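Student: Start from chain A and add chain W according to the hints.
Now for the letters of each chain:
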Amino acid sequence: MSPITLTLKERPKVPLEAETVTPDAFVTMSNEQIRSSLVYHGKRHCRLDDFFEVTGEFSDLIEMHGDLHRVKLLGKSMSRGQLKVYGSVGMHLGADMRGGRIEVTGDAGDWIGAEMSNGFIHVHGNAGGQIGAAYRGSLRGMKNGTIIVGGTAGLEVGMRMRRGTIVVGGKVRDFCGLQMKGGTIVLMSGAELRTGAWMVRGTILSLQPLPLMPTFASSGHYNPSFIDLYAQELLPHGISLPNHASAGSWSRHCGDSSIPGKGEILIWNPA
Amino acid sequence: MIRITGGKIFDPANGINGQVRDLCIDGGKFVSSVIGGRTIDAAGMIIFPGGVDVHTHVAGGSINFARAMTPEDHRRTTAFIRTQSRRSGLGGMAPTTFATGYLYAGMGWTTVNEAAVPVLSARHTHEEMRDIPILDKTSCVLMANNEIFLDLLEAGEFERAKDVIAWHVWAAKAYGVKAVNPGGVAAWKWGKDAKQLTDPIEGYNSITPGTIIGRLAQIIDELGLPHPMHLHCNNLGAPGNVWTTLETMKLLEGRRAHIAHLQYHAYGGDDWDTMRSASAEVAEYFNTHTNMTTDAGAVLFGDTVTITADGPWQHLLYKLTGRKWGNLDVENETGCGIVPYTYRPSNLVNSIQWAVGLELLLLINDPWRIFLSTDHPNGACFWRYPEIIQLLMSYDFRKDCMTKLSPIARERITLPDIDREYTLYEIATITSAGPARALGLTQKGSLGIGADADVVIYEEEKDIAKMFSHPRYVLKGGEVVIEDGDIRATPEGREFIVKPSFDPEIESFLKPKFEDVYTMSFENYPVEMERLEHADIRECINGQAPSPPRTAEKEPDRADEGVEF
Chain A
1 MSPITLTLKE RPKVPLEAET VTPDAFVTMS NEQIRSSLVY HGKRHCRLDD
51 FFEVTGEFSD LIEMHGDLHR VKLLGKSMSR GQLKVYGSVG MHLGADMRGG
101 RIEVTGDAGD WIGAEMSNGF IHVHGNAGGQ IGAAYRGSLR GMKNGTIIVG
151 GTAGLEVGMR MRRGTIVVGG KVRDFCGLQM KGGTIVLMSG AELRTGAWMV
201 RGTILSLQPL PLMPTFASSG HYNPSFIDLY AQELLPHGIS LPNHASAGSW
251 SRHCGDSSIP GKGEILIWNP A
Chain W
1001 MIRITGGKIF DPANGINGQV RDLCIDGGKF VSSVIGGRTI DAAGMIIFPG
1051 GVDVHTHVAG GSINFARAMT PEDHRRTTAF IRTQSRRSGL GGMAPTTFAT
1101 GYLYAGMGWT TVNEAAVPVL SARHTHEEMR DIPILDKTSC VLMANNEIFL
1151 DLLEAGEFER AKDVIAWHVW AAKAYGVKAV NPGGVAAWKW GKDAKQLTDP
1201 IEGYNSITPG TIIGRLAQII DELGLPHPMH LHCNNLGAPG NVWTTLETMK
1251 LLEGRRAHIA HLQYHAYGGD DWDTMRSASA EVAEYFNTHT NMTTDAGAVL
1301 FGDTVTITAD GPWQHLLYKL TGRKWGNLDV ENETGCGIVP YTYRPSNLVN
1351 SIQWAVGLEL LLLINDPWRI FLSTDHPNGA CFWRYPEIIQ LLMSYDFRKD
1401 CMTKLSPIAR ERITLPDIDR EYTLYEIATI TSAGPARALG LTQKGSLGIG
1451 ADADVVIYEE EKDIAKMFSH PRYVLKGGEV VIEDGDIRAT PEGREFIVKP
1501 SFDPEIESFL KPKFEDVYTM SFENYPVEME RLEHADIREC INGQAPSPPR
1551 TAEKEPDRAD EGVEF
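First to last, the protein sequences are chains A and W.
Going by our numbering, the first residue of the first sequence is number 1, and it counts up by one from there.
Going by our numbering, the first residue of the second sequence is number 1001, and it counts up by one from there.
These are computed hints drawn from the structure, not numbers from a lab.
The model shown is predicted, which means the values in this text are computed figures rather than measured ones.
Glycine included, every Cβ here is placed at the ideal spot set by N, Cα and C.
You may find that some hints are simply not true.
Derived lysine-lysine pairs resembling DSS-like cross-links, with alpha carbons at most 30 angstroms apart [as the list claims (entries may be wrong)]:
id, chain 1, residue 1, chain 2, residue 2
1, W, K1324, A, K262
2, A, K143, W, K1319
3, A, K171, A, K84
4, W, K1189, W, K1399
5, W, K1462, W, K1511
6, W, K1554, W, K1399
7, A, K9, A, K43
8, W, K1195, W, K1399
9, W, K1399, W, K1462
10, A, K143, W, K1324
11, W, K1404, W, K1499
12, A, K262, W, K1466
13, W, K1404, A, K143
14, W, K1324, W, K1192
Partial pick of chain W residues on the chain A-facing surface, computed with a CB cut under 8 angstroms [as the list claims (entries may be wrong)]:
id, residue
15, T1070
16, P1071
17, R1494
So here's chain A without its partners, still in its complex pose (with noise of 0.2 angstroms):
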């Protein structure tokens, strides 16, 4: 199958919600039907083609090319193939996922992979905020699948999320975990405040130091079978965890108490 390929013709001036670009609704489609699909400019009812150049049809192979930033929800609820964007993209990247692959070469605006059940992120540049997490008022965030972001986050990264793995490379915001269900959050350079605050259950990793709120207890130090798993599955994405006995070992610190939760928190001591 060759890949249906859309050029960003214009930037949006105002957001563009483009939640028709799945490689499920685009599989079934003439490349004339893609053209004629509906997104919403601000109020406006318009046409893909209207802002895209397309090419290819019928393929659940999707590439993007273009400066995408304002263009929002691609990806949304898709359960198969593959999208790929060559640039940036806006908020709610993957938002709902189920299944199938999305890779960013740019920067991602905030909530991708919003309450996804399943399915593979990964974004090379930065990403935003409510990385996985449940929209508001909601009472789970992602239910599993992999993100995976190569450089910073912004803010409440996994919020409520219930199972799953995210991975941030660079540094991450406030409230990373906030009130977190399950799952596991990987931070390679750390977070700045409140990490893992009102969090339930799960996992957050980091391998740099955190500054940890007063409600979680440090409980030893160890290195737990289960880390070299977590490298194993991500190994293949050049992430490289650290577990063996001499190159160091990891703190955890249990909490939120004030909840009270049994979350846990490690954090990686080198030798």
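Tutor: Quick look at chain W alone, frame taken from chain A:
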């Protein structure tokens, strides 16, 4: 002018059970004959009087708070898109005002009673009720935890307390009086609750919940309000609360009362692990005491949001679920708690609650005294009533549903042993004629000459839930509002209110209290008549207590063979 021909009429208020008759409508009322006008051919169809909901929460501060607290539900709900004749809105767990009207009418309900209005938010409630199209509305004002009233009872000033109640009913432009967890919400201001009817209430020396219940029922009878005291008993939702409920019912002997959402008050056992259904005990007592009416407050499995003036209970529910919690304090009058909730068949307590609601509807043998309700949105949303109707009309369907319950749950309930199936005549009684009579709305719940022409016409079919969810026609006040699943017209509804008599001097007693303790000035407190659109002042039955609810009339033989459900 409309003539409806050939339909099978189910009109319990006039003892008509499935006879084929023509209905004639002129000027919004049923008349004996019309010449000309539209004819609706209802041959083979089933005709009910428009539904009446005796206990629901559709307008005011608490439901509005619930709407604000549940954005996640709004996202997954199908929206009403604005058209020429219809406003936009959202359904779901706590529907918006306009959508509430569309959804109720779409199901064939034409009158609702908003069951809990604090006087302080009565103005807000009336504004919202104005925005609920099609339906006629009544409301009950919360009085059982009002500080001024409780202080007067403590001081033994009964006559003045009566004037205070009457003044507040008129100030709130209400139709009836609601008592929620009498004394308990007042005690909640001290972080306490009132679980024993004979113990003095926190913050008072002598008065007990029992005092409040007895006195309030007496006042309402003496004022001659058309609807009796609308009582949410103490100890709602707690295992073993059947004793409180039975004690309360004994206290009410010789008085009229409507016991709201009885399902939440009929549990046995000592704690959550040993909780069991006590509907048989409650039904046995209720069946032999005809001074009371009740509504089921049935529970259905699924998501909803619970809202009640019972603040202490909601705090407990929040502690039990760990979900969201909202609490409102309404100054000296009452409070309110809001907690979103999911009823699950895998949960023992929820399974028992589900069964108890149905058991009460099936074990209480007089359909004129128990009415269909879910205490919307507490037990389930009102738009799920057709599911309950199906459960009541089909023993086999109930058996199927019971397979979802755990064996432990099935041992704690009596539902598997009850094979009663409701007839259409009984359904028409519990959804329309009965609640209309309990509310004292003589022109509602009837297809007789002179009654309001609120009619719902169903196409008879075997899938009961489908039949009751999608009426073919709904007429409100003689106007076709629903036809073939479409909203055809959205007339504004009326509001029924009462003006009980009181000594005007009571204002000089009340005014200084407002200046001392209320945030609102006395002059701004009562709701002005101009705030109400299409208000209809109903007569009080002055000088004598209205007669207790009429009891079982034997169901007349059904005139036709009908579909076997």
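Student: Any hints from earlier that this structure breaks? Give me their numbers in increasing order, please.
Tutor: 4, 5, 8, 11, 12 and 17
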